Amino acid sequence: AQSVTQLGSHVSVSEGALVLLRCNYSSSVPPYLFWYVQYPNQGLQLLLKYTTGATLVKGINGFEAEFKKSETSFHLTKPSAHMSDAAEYFCAVSVSTGGFKTIFGAGTRLFVKA
Amino acid sequence: DTGVSQNPRHKITKRGQNVTFRCDPISEHNRLYWYRQTLGQGPEFLTYFQNEAQLEKSRLLSDRFSAERPKGSFSTLEIQRTEQGDSAMYLCASSLAGTVGTGELFFGEGSRLTVL
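Here the protein sequences line up with chains A and B, keeping their order. For the first sequence, the working numbering assigns the number 9 to the initial residue and increments by one for each residue that follows. For the second sequence, the working numbering assigns the number 37 to the initial residue and increments by one for each residue that follows.
Watch out, some of these pointers could steer you wrong.
Said to hold, decoys possible - Here are the simulated DSS-like pairs of lysine-lysine, each with C-alpha atoms no more than 25 angstroms apart in a straight line:
1. A:K76 to A:K109
2. A:K109 to B:K93
3. A:K77 to A:K109
4. A:K109 to B:K107
5. A:K109 to A:K66
6. A:K57 to A:K109
What the hints assert, rightly or not - Derived coverage of chain A by chain B (criterion: at least 3 residues anywhere in the stretch with Cβ under 8 angstroms from a Cβ of chain B; other residues may be distant):
7. 53-61
8. 113-119
Derived by calculation from the structure, the hints in this document are not laboratory data. If you're wondering where the values come from, they're calculated on a predicted model, not measured in any experiment. Here a beta-carbon is modelled for each residue, glycine too, at the ideal position from N, C-alpha and C.
Input sequences plus hints: build the corresponding full structure.
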């Protein structure tokens, strides 16, 4: 069975600083990996995804993530934080067997200080 | 199409009452998922449908919970004899099977249940 661990339930950065949100996964078969973002009072929306191919994937709003199989990681980064990035971020994994049931991590809340 | 729609957005009920939530997915999507999210946690998988067939149910889904997707379009999630522990946000998501990146979910804004 798949699982996801997000390190740090809260991360605080200054505006303009690097954002790094950590995610490790467990899967017995090649995974599909996702980052979703949830703004206050809104539904989750896809930020970026890794399926196959290039291990560095770019998403919306300047975010990117790198799939590292040897480390079973899929960390999310953004070079320069903006106030509008303040939100909750969820890492998720799904596999092609089992109907692409998606399993989510507990989430990391990102705070951006002026 | 404006996305996944969930109703009602908020529901307050007394313990022991039954509640029903409705989800209207993106029209061409054949997969529909229900998740539950509590404060400080990520979405927890409850069940999913491919067309009208319910293909998997989580152990989290007790006998008091039932979900349907008649005709493979909208879905309902009913909770019977609600308990205070059922208080949560119930999320619906849909996806299109068979495309590259299958597994990408499109979420509604959720239905928040408060059981008094």
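Violations among the numbered hints, reported as their numbers in ascending order:
When the structure is compared with the hints, none of them turns out to be violated.
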